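Protein chains: 2
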Amino acid sequence: DPGDAALIEDPGYEGARSAWRAAGARVVPLRVDDDGLDIARLPAGARPRLAYVTPAHQFPTGAVLSLPRRLALLDWARRADALIVEDDYDGEFHFDGRPLAPLAALDREARVLYLGTFSKVMFPALRLGYLVVPAPLARLFADAKALADGGTSALEQQALAQFIAGGSFERHLRRARQRHGARRAALLAAITRHLGDRVRVSGANAGLHILLHLPRLPAADGDALVRRAAQRQVGVYSAAPYYARPPRHTVLVLGYGGLEPDEIDTGIAILATVLSAER
Amino acid sequence: DPGDAALIEDPGYEGARSAWRAAGARVVPLRVDDDGLDIARLPAGARPRLAYVTPAHQFPTGAVLSLPRRLALLDWARRADALIVEDDYDGEFHFDGRPLAPLAALDREARVLYLGTFSKVMFPALRLGYLVVPAPLARLFADAKALADGGTSALEQQALAQFIAGGSFERHLRRARQRHGARRAALLAAITRHLGDRVRVSGANAGLHILLHLPRLPAADGDALVRRAAQRQVGVYSAAPYYARPPRHTVLVLGYGGLEPDEIDTGIAILATVLSAER
Chain A
1 DPGDAALIED PGYEGARSAW RAAGARVVPL RVDDDGLDIA RLPAGARPRL AYVTPAHQFP
61 TGAVLSLPRR LALLDWARRA DALIVEDDYD GEFHFDGRPL APLAALDREA RVLYLGTFSK
121 VMFPALRLGY LVVPAPLARL FADAKALADG GTSALEQQAL AQFIAGGSFE RHLRRARQRH
181 GARRAALLAA ITRHLGDRVR VSGANAGLHI LLHLPRLPAA DGDALVRRAA QRQVGVYSAA
241 PYYARPPRHT VLVLGYGGLE PDEIDTGIAI LATVLSAER
Chain B
1 DPGDAALIED PGYEGARSAW RAAGARVVPL RVDDDGLDIA RLPAGARPRL AYVTPAHQFP
61 TGAVLSLPRR LALLDWARRA DALIVEDDYD GEFHFDGRPL APLAALDREA RVLYLGTFSK
121 VMFPALRLGY LVVPAPLARL FADAKALADG GTSALEQQAL AQFIAGGSFE RHLRRARQRH
181 GARRAALLAA ITRHLGDRVR VSGANAGLHI LLHLPRLPAA DGDALVRRAA QRQVGVYSAA
241 PYYARPPRHT VLVLGYGGLE PDEIDTGIAI LATVLSAER
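First to last, the protein sequences are chains A and B.
Sequential numbering from 1 applies to the first sequence in the working numbering.
Sequential numbering from 1 applies to the second sequence in the working numbering.
Pulled out of the complex, with its shape left as it was, chain A reads as follows (with noise of 0.2 Å):
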């Protein structure tokens, strides 16, 4: 209902943030650490509704929330009495270990709303996404959707199917696993060759991206070093604009599912020369 409060990561995806705003909702931050989102410090008079979250690979730290922390999640949903929407946007790419399983299928409670897209796994332009809700919810859900836009171009579903059934996509997606093990290994190889104990990394267990933490630049040197690093065609972003409490420190964003590794290399390289004419 409007006024009511979703609780959202902090940092987080700011397309959650702004999609609860436009509903009409608060947004209540909560910030997540190494293990993702702990439910147990929300504020004592927070009663949020919902909470948004991205479990497998939390946006943009990379977190992934810990298996006891999913349980307590789930738990205070009951007690609660709020939904929870598990944005698994990329959980197709784990590298390290197996993955846990979602929310929803811990879910005993038809309390968690499951919501994965085809832009990383696929592309962007393809529009494509689903989202897995509680029985007692689809009838609203379609009905939503229908008067939202009438439903989703059936072109792209009935290729996207195809696609699908024929193998190509578990084959599309076998190759896109390996190729981007590739770069993830040639950019934590890169950061140590060429930026060493000067930066710190953290989410490179999933995901194409991770964040690059450099303790020893200020927050506020960190728009100026994205500049500079972005006139000679390195782009990395700072991740500042995610947090509801920035940092001190400069936090970078760097994707690495467009690139080539000796790109990567190149391009790591080029940070750290910019990284030292700026201290």
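Simulated from the structure, these hints should not be mistaken for lab results.
Being a predicted model, the structure only gives us computed values, none of them experimental.
Certain hints may be false.
Computed Cβ-Cβ distance ranges for the label pairs, DEER-style [to be verified]:
#, chain 1, residue 1, chain 2, residue 2, range
1, B, A22, A, R177, 37 to 43 Å
2, B, R49, A, A138, 45 to 51 Å
3, B, A244, A, A148, 19 to 25 Å
4, A, G258, B, H172, 33 to 39 Å
5, A, Q157, B, T273, 38 to 44 Å
6, B, R31, A, L71, 57 to 63 Å
7, A, G258, B, V201, 57 to 63 Å
8, B, H172, A, P29, 30 to 36 Å
9, B, Q178, A, A105, 42 to 48 Å
10, B, A144, A, F141, 18 to 24 Å
11, B, E14, A, R232, 54 to 60 Å
12, A, L188, B, E14, 35 to 41 Å
13, B, R49, A, R108, 44 to 50 Å
Quick reminder that beta carbons are idealized off the backbone N, C-alpha and C, glycines included.
Fit chain B to the given chain A structure using the hints.
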């Protein structure tokens, strides 16, 4: 704003009514006659901030909004500080005389939002439409669209753009107009031949459907007629759901966009037989 009133046509397009309601607006239905919506009949107490109209081919009556009423509606919008949403959903198909200038072309006050669709002139699965908004509103609508769905698929848009740029759309439209004109002529001839003075037709001057009024058949008997026709593979629909206050006699919607002339003649002959059995 939520709670504001939106003026809609009665009878009218239920998709629009549902959309305004879902947005939190109160809807104020205003009866249309053979010249469309008459803003002079707006009840004194009603203060709509927005009017949703289908001037080119009122849905579902097919009335064309007369020029004096167009000017009166624009004048009302100026005085009431209201916006007008002009839905020209099948403006490509006009059969009698020259079409009138759309409200958007007569608008001197940046109050008209003009929308169209490729669902009728191409096919509904395409899911492409357009909204022409006054320049001061463009940024707002672009932001809302980005927030709602991140933009419509570029694939269909590019394919359609090529289809238009290469001249194929124009050729398709010319052929479609001829084809639909022949179907419309077949429908009107079949109604005269098989139903004669038992019925009255309205809304035949534009669009891909007409309204068939059955003044001697009480509204309560209309559903049975629709059902019996359907049993004999003739698809006609009651217009009653489109009315806030349905008429006392039966009114049917006959769509002819997807039928060949001989199918149309056969269908109307069957409808006449069913109607005779009904009474």
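Evaluation of the provided hints:
1. Between A22(B) and R177(A) the beta carbons are some 41 Å apart, a value that agrees with the proposed interval 37 to 43 Å.
2. Judged by the Cβ atoms, the range 45 to 51 Å given for R49(B) and A138(A) is violated: they are separated by roughly 34 Å.
3. Under the hint 19 to 25 Å, the C-beta atoms of A244(B) and A148(A), about 23 Å apart, fit the expected range.
4. For G258(A) and H172(B), the hinted distance range of 33 to 39 Å is satisfied, since their beta carbons lie about 37 Å from each other.
5. The hinted range of 38 to 44 Å is satisfied by Q157(A) and T273(B), whose Cβ atoms lie roughly 41 Å apart.
6. At roughly 59 Å, the beta carbons of R31(B) and L71(A) sit within the given window of 57 to 63 Å.
7. A hinted range of 57 to 63 Å for the beta carbons of G258(A) and V201(B) is consistent with their spacing of about 59 Å.
8. Restraint check, H172(B) to P29(A): a C-beta distance of roughly 51 Å breaks the suggested window 30 to 36 Å.
9. Distance hint check: the CB atoms of Q178(B) and A105(A) are about 57 Å apart, inconsistent with the given range 42 to 48 Å.
10. Separation of A144(B) from F141(A) is about 20 Å and conforms to the stated range, judged on CB atoms against 18 to 24 Å.
11. The hint said 54 to 60 Å for the Cβ distance between E14(B) and R232(A), and at roughly 57 Å that hint holds.
12. The hint said 35 to 41 Å for the Cβ distance between L188(A) and E14(B), and at roughly 56 Å that hint is violated.
13. At roughly 46 Å, the beta carbons of R49(B) and R108(A) sit within the given window of 44 to 50 Å.
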